[in-house]
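What follows is the residue order along each chain.
There are 2 protein chains.
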Amino acid sequence: MPKLNEHYQNLKESYLFSDIAKRVNAFTAAHPDKKIIRMGIGDVTLPLMPEVVSALHGAIDEMANAASFHGYGPEQGYDFLRGAIQGYYAGHGVSLDPDEIFVSDGAKSDVGNITDLFDVGNVVLIPDPVYPVYVDTNVMDGREVLYLNANAENGFLPMPNPDIHADLIYLCSPNNPTGAVYTLDQLKAWVAYALEHKAVILFDAAYEAFIGDDSLPRSIFAVEGAKKCAIEFCSLSKTAGFTGTRCAYTVVPRELTMRASDGETLSLNRMWLRRQTTKFNGVSYIIQRGAAAVFSDEGVRQSREMVGYYKANARLIADTLSELGIRYFGGIHSPYIWMECPNGMKSWEFFDYLLENAAVVGTPGAGFGVNGEGYFRLTGFSSREQTAEAMERFKAILK
Amino acid sequence: MPKLNEHYQNLKESYLFSDIAKRVNAFTAAHPDKKIIRMGIGDVTLPLMPEVVSALHGAIDEMANAASFHGYGPEQGYDFLRGAIQGYYAGHGVSLDPDEIFVSDGAKSDVGNITDLFDVGNVVLIPDPVYPVYVDTNVMDGREVLYLNANAENGFLPMPNPDIHADLIYLCSPNNPTGAVYTLDQLKAWVAYALEHKAVILFDAAYEAFIGDDSLPRSIFAVEGAKKCAIEFCSLSKTAGFTGTRCAYTVVPRELTMRASDGETLSLNRMWLRRQTTKFNGVSYIIQRGAAAVFSDEGVRQSREMVGYYKANARLIADTLSELGIRYFGGIHSPYIWMECPNGMKSWEFFDYLLENAAVVGTPGAGFGVNGEGYFRLTGFSSREQTAEAMERFKAILK
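Quick note, the sequences are listed as chains A and B, same order.
When we follow numbering that gives the first Met the number 0, the leftmost residue of the first sequence carries the number 0, and every step to the right adds one.
When we follow numbering that gives the first Met the number 0, the leftmost residue of the second sequence carries the number 0, and every step to the right adds one.
I should point out that these hints are in silico values taken from the structure, not numbers from a laboratory.
Hints should not be assumed to be uniformly reliable.
Just so you know, same-sequence chains aren't split out, so a pair can sit in one copy or run between any two.
As a list, the in silico DMTMM-like pairs of lysine to aspartate or glutamate whose alpha-carbon atoms are at most 20 Å apart [unchecked claim]:
(1) 227 to 12
(2) 2 to 263
(3) 33 to 318
(4) 34 to 98
(5) 2 to 140
(6) 2 to 318
(7) 394 to 355
(8) 2 to 195
(9) 197 to 5
(10) 33 to 162
(11) 227 to 296
(12) 11 to 263
(13) 21 to 348
(14) 398 to 322
Please model the complete structure; the sequences and the hints are all you need to start from.
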């Protein structure tokens, strides 16, 4: 009988979103007349932008014709898309070689699969509160996880502790769920720590498009030396509303090498290439054409407009909370607003209070880790009208 | 410093296709006037069929409109597609629950990722010659691989040896590269062995659509008891020309359970669900709509026509080889023809002979494993005209 991977038995079942659904359903059954507004949603709502729609239709027409048909493509992505991504990075001052860029179907896939390259004996450092995939994928492999406290004292931007050694470090900026954004100096300190400890930073930049201040880093590679110690994950999910269309990319620098036990120098770029060519067959040609359109001049304009819409929603929430004297993090360079529950309420207590009194649904911070207790996540992904209406209801009950 | 996954150092570099390319390039440089015909191609060449093209365009129009836009979908696939696949299986007599069907971006991804569920201590049995992904993905994990000889004596359909124990068994039927197809009785023997040894069969059915004889099994689940010991991988790559469009599905039966060390019963269906929901975000909504169209009445008709075209090419090759008195396997219920190299030539010797004398390119069997030596793979994926011309050249030099 095969022995299964019994580390799966150590995974915690997450009931966060099913618990939310249960409470919302019970409320709806009791109050069929009340119009619920969902402000906890982590998914985009605006349709694909015209530049992408047109590229997708064009690619299908190519696939409908033998002369322009595409079969298997390069697993790591077509040159036209890798080149477009290279140009995008160059636009914010980061120089990459196309061979350092790997196109995939999702940042979640790459963040999950990257652990394939590391030994199970490595020590992993993960902030709390956190996107649960970082923890779960390491638990699946049986790796030891150390948590790093993110809290109001450090602005939910924890810094390295020189006395604690880690081999792998997960950082996410702009952060999900807190919306906090590391400054360049803060990332420099992380890169210095990683170089000192010969650690690898796994940097999740899925929300970089929400950064509106040129002094804030949109990529870990804005820091000198980061190419020797970091891998970056990015996605079109939030940049261009691709959550249902699926396209992402991961940067594994050529300079990122490690010494093996036998003294051989191993390149993580080459290992990831081998992993992807062996266990992946590339993203649909059609979708890659749609993705490339995001990086055209008109595509960049349209995606900025889309991101701007969500940011304006987030700003509306942030301004309302300021007006109400409620402390929050994020909401400026992020679609996420991480608010302190008012009057010392706990996360789920505030969830129930808000649902009962305002018919507004958010996400209890406690669902993202122990340091999330007493916090609540709101997002800018609803429509402007729904966001405005929800804020009126906030004012009515929290003034 | 993180220790890397040093099992990657045990991977063999495959030079098969780069060696082929080098020799072809050298020949072209020396003989710029000669028109090369590629008969080694493992990729489809016909364009997407009209039913799929129309569904893809329709899905993009849905995504271009806020009211019909789709964001994140279920990681394991939309109900409309899982239901369509369930209906397809029912059509060849296999009853599945939609929860047993997992939609993905490729059989290669699923075949590669499935090893996540198993302990590294398991013993793996893999036929030789073989699709290299089975071996490489296990070497990456550090699992022990036993090879199973497929050869002319067993018709390239090796059967279980009751004295050899394995925990995981890879089977592929219709086979890549040999084109050989297991009968129902042969698969029954494999299922009996797996149940006896409490082993799991990983069954690759990527070429099932090429089976034209109802008495031959298109699914391992045609065998009673298989749901207790098998996982099946299938794909639209060859069924509907999706190699560049990317959609596949994997069946993990609910009955497939194993006892953990602590006595708990683990369900592989639940473990795969957890793996996919943690490390995957589902296939593009657009692509899933295109995939569902393959299973409509008109889609089934069009895909049969497409598969029929490739099969007729394979038949033309098979008939030519019969006429020339050259022994071969496959070519009837498969796009692959696995021919003995004539006059006792070795695989690469015949490759060079064919290139030099007929300007035809195929794949040396030795590239698929030690038992491939002396064999040569041809495929039915070229155009009818190219296939016919290649066969005329065969007759001219091999008569």
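Structure-based check of each hint:
{"no.": "1", "hint": "227 to 12", "result": "neither (36 Å within a copy, 25 Å between copies)"}
{"no.": "2", "hint": "2 to 263", "result": "between (32 Å within a copy, 12 Å between copies)"}
{"no.": "3", "hint": "33 to 318", "result": "neither (26 Å within a copy, 72 Å between copies)"}
{"no.": "4", "hint": "34 to 98", "result": "neither (50 Å within a copy, 33 Å between copies)"}
{"no.": "5", "hint": "2 to 140", "result": "both (14 Å within a copy, 14 Å between copies)"}
{"no.": "6", "hint": "2 to 318", "result": "neither (55 Å within a copy, 47 Å between copies)"}
{"no.": "7", "hint": "394 to 355", "result": "within (15 Å within a copy, 82 Å between copies)"}
{"no.": "8", "hint": "2 to 195", "result": "between (39 Å within a copy, 16 Å between copies)"}
{"no.": "9", "hint": "197 to 5", "result": "between (30 Å within a copy, 17 Å between copies)"}
{"no.": "10", "hint": "33 to 162", "result": "neither (53 Å within a copy, 68 Å between copies)"}
{"no.": "11", "hint": "227 to 296", "result": "neither (32 Å within a copy, 55 Å between copies)"}
{"no.": "12", "hint": "11 to 263", "result": "between (38 Å within a copy, 16 Å between copies)"}
{"no.": "13", "hint": "21 to 348", "result": "within (15 Å within a copy, 68 Å between copies)"}
{"no.": "14", "hint": "398 to 322", "result": "within (9 Å within a copy, 91 Å between copies)"}
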